[in-house]
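Listed here are the chains, written in short residue letters.
Protein chains: 2
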Amino acid sequence: MNHIKGKQSISFGESPYLISSASVAGSKEAEGPLGKLIDMINQDDLFGEKTWEEAESRMQKEACVLALGKAHIRPEQVRYLFGGDLLRQGIATSMGVEELQIPMFGLFGACSTSGEALALSAMSVAAGYGEYMLGVTSSHFGSAEKEFRFPLGYASQRPLSASWTVTGSGAFLVGTRKSHVRISGVTVGKIVDFGLKDSQNMGACMAPAAADTILTNLEDFGRSASSYDRIITGDLGYIGQSILFDFMKQNGYDIEKNHIDCGMKIFDQDTQDTHAGGSGCGCAAVTLSSYVLPKIQKGEWKRVLFVPTGALLSTVSFNEGASVPGIAHGIVLEHC
Amino acid sequence: MNHIKGKQSISFGESPYLISSASVAGSKEAEGPLGKLIDMINQDDLFGEKTWEEAESRMQKEACVLALGKAHIRPEQVRYLFGGDLLRQGIATSMGVEELQIPMFGLFGACSTSGEALALSAMSVAAGYGEYMLGVTSSHFGSAEKEFRFPLGYASQRPLSASWTVTGSGAFLVGTRKSHVRISGVTVGKIVDFGLKDSQNMGACMAPAAADTILTNLEDFGRSASSYDRIITGDLGYIGQSILFDFMKQNGYDIEKNHIDCGMKIFDQDTQDTHAGGSGCGCAAVTLSSYVLPKIQKGEWKRVLFVPTGALLSTVSFNEGASVPGIAHGIVLEHC
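First to last, the protein sequences are chains A and B. Residues in the first sequence are numbered from 1 upward in steps of one, following my numbering. Residues in the second sequence are numbered from 1 upward in steps of one, following my numbering.
Extracted from the complex, chain A is given alone in its bound form (with noise of 0.2 angstroms):
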């Protein structure tokens, strides 16, 4: 029986496994600290195709058949797939996941997008729509920069809060069958806005989402923050890293032991020049598909509270003068 919990979180009855998943990425997160762990990587970042767009495509499609290989599982064998991008009307996901030729449900959550569908992939499995369902995201440097910025040719300059987008995609399977990872429950993020209007401050702009849903899931499942072993952010980097730990002070919680940024993870800020960290939808899903779940099927974390964080906004939104407001989902995962 599933229960809902507090103001935005459901509690799994059933609670549906983690089965599989795959990271691809760029030659950049190659080089990084999670290089080794990625499952797959590409030199010249374009993965075979002639635009950054078709590449970050590729990227989607790869991370699939992976997670699906790995579980032996044929994309007819998938119920639903739930995918989403960073570029406009999202089609990397939908030029990506095409040829699978899965029943989809297309997302936009900026940067917390595989949270939003590894929350819907779980809420399926649970309420028995399906005995598979297939969660992907992706980002890539080239084709987030042309959209957001500036085309690479241009080698625009960026202030050191600026993030670093990463080039990959994450893909993760969910369902009924038996693994040692299971997702036990989420808390449905709001949109935060603080007001801050400087995108090229992101970290900043979403800290105070991140806060918000850290904060409803303790209360929601009446937790403290050392009931997780680690809480596990997207891609607030180094300065949203700092407002966060302020916010969960003023609230009570001390996070400073327990908590992981996927931004300050994926990158080494010391050699690889990525100022405020990664960021980009393939920031949280890479580092969760090749860090964090390998982590939590060994035991050596019990209990996972991941929150992919995402900031809200367009070229056009801020040349209007919009603020960026900030959104981020939180999914519980616990070793079992």
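It is possible that some hints are incorrect.
Pairs count within a copy or across copies, as identical chains cannot be separated in the list.
[What the hints assert, rightly or not] Only pairs whose alpha carbons sit at most 25 angstroms apart, straight line, appear in this in silico DSS-like list of lysine-lysine:
{"hint": "1", "residue 1": "178", "residue 2": "7"}
{"hint": "2", "residue 1": "7", "residue 2": "36"}
{"hint": "3", "residue 1": "146", "residue 2": "197"}
{"hint": "4", "residue 1": "178", "residue 2": "302"}
{"hint": "5", "residue 1": "298", "residue 2": "70"}
{"hint": "6", "residue 1": "50", "residue 2": "197"}
{"hint": "7", "residue 1": "178", "residue 2": "249"}
{"hint": "8", "residue 1": "28", "residue 2": "146"}
{"hint": "9", "residue 1": "146", "residue 2": "298"}
{"hint": "10", "residue 1": "295", "residue 2": "36"}
{"hint": "11", "residue 1": "7", "residue 2": "70"}
{"hint": "12", "residue 1": "70", "residue 2": "5"}
{"hint": "13", "residue 1": "7", "residue 2": "197"}
{"hint": "14", "residue 1": "249", "residue 2": "5"}
{"hint": "15", "residue 1": "70", "residue 2": "249"}
No lab work stands behind these hints: they were computed from the structure. These figures come from a predicted structure and were not determined experimentally.
With chain A's structure known, arrange chain B on it following the hints.
Same frame as chain A, now just chain B:
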């Protein structure tokens, strides 16, 4: 007990109710055949805002507030919101629903988004994830022309196969509280790609997806086309409709007598110069709320298959020579 049906469908045991809905639209829609049925109209299409994008957000908010108001439900009683639009990074939705502070899932399904939102709302209610869910979507002629073609000031001409983006938003409250309309089932669409590349003929691009979803729905539920009083597509328009009829005939179904297309219903082709018909997320949503639902409420139509259709493209995918695949989701609406 909810049941998985056939390849892509769900039949709900305790079917969720479509409790209330609201439509908001612009001046051209007000002059059209449905003008008098639309809840809120604005004559300058700016809805008191300064930009087309803000105007679109405002429409979404007004539609949500109206739909909630009709049912005497406060935003804090709504468990989750499912919403999306056509603009890059879904900003019409993010900025539109922000003030309601309902935990939300952002969607992208192009003009099929109303179906996606209704499907996920119904799936969540039927799973017991909350008493009330809100689905919302929108499009705006001014923001869509800027996003996909040229700013209105350029006064671009368009081919006769092009459709006219509806300025409008529809919001739908789905829940456990009784009304005269139930969502008894859904058929989740696949991406269907016939290789067409003409973004100025979206009806042709989407017709194969509409046919695929309708045929799958009939097969999954074991129904004949006449089991539905009406089969209502989103925005195929005149050209798309004739292609849909051909596809259906090839598969042994004649739906000419009970088919309606929202894109052909919302504007008067003879007097409004809208070429192939209306389109945009708002087209199907406004037509459903203002014209279709009242007929189901009254029992004039007992069972309707609502199939909003989306064309999956962006200016980038179009300029890079990609095809324009389609997707369509089927929602079974029944009088009760």
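Hints, verified against the model:
no.: 1; hint: 178 x 7; result: between (30 angstroms within a copy, 23 angstroms between copies)
no.: 2; hint: 7 x 36; result: neither (40 angstroms within a copy, 39 angstroms between copies)
no.: 3; hint: 146 x 197; result: both (20 angstroms within a copy, 23 angstroms between copies)
no.: 4; hint: 178 x 302; result: within (16 angstroms within a copy, 43 angstroms between copies)
no.: 5; hint: 298 x 70; result: within (17 angstroms within a copy, 52 angstroms between copies)
no.: 6; hint: 50 x 197; result: between (34 angstroms within a copy, 18 angstroms between copies)
no.: 7; hint: 178 x 249; result: neither (38 angstroms within a copy, 45 angstroms between copies)
no.: 8; hint: 28 x 146; result: within (18 angstroms within a copy, 35 angstroms between copies)
no.: 9; hint: 146 x 298; result: neither (40 angstroms within a copy, 51 angstroms between copies)
no.: 10; hint: 295 x 36; result: within (15 angstroms within a copy, 60 angstroms between copies)
no.: 11; hint: 7 x 70; result: between (36 angstroms within a copy, 23 angstroms between copies)
no.: 12; hint: 70 x 5; result: neither (33 angstroms within a copy, 27 angstroms between copies)
no.: 13; hint: 7 x 197; result: neither (28 angstroms within a copy, 46 angstroms between copies)
no.: 14; hint: 249 x 5; result: within (24 angstroms within a copy, 49 angstroms between copies)
no.: 15; hint: 70 x 249; result: neither (41 angstroms within a copy, 42 angstroms between copies)
Taken one by one, the earlier hints fail for this structure at numbers 2, 7, 9, 12, 13, 15, listed in ascending order.
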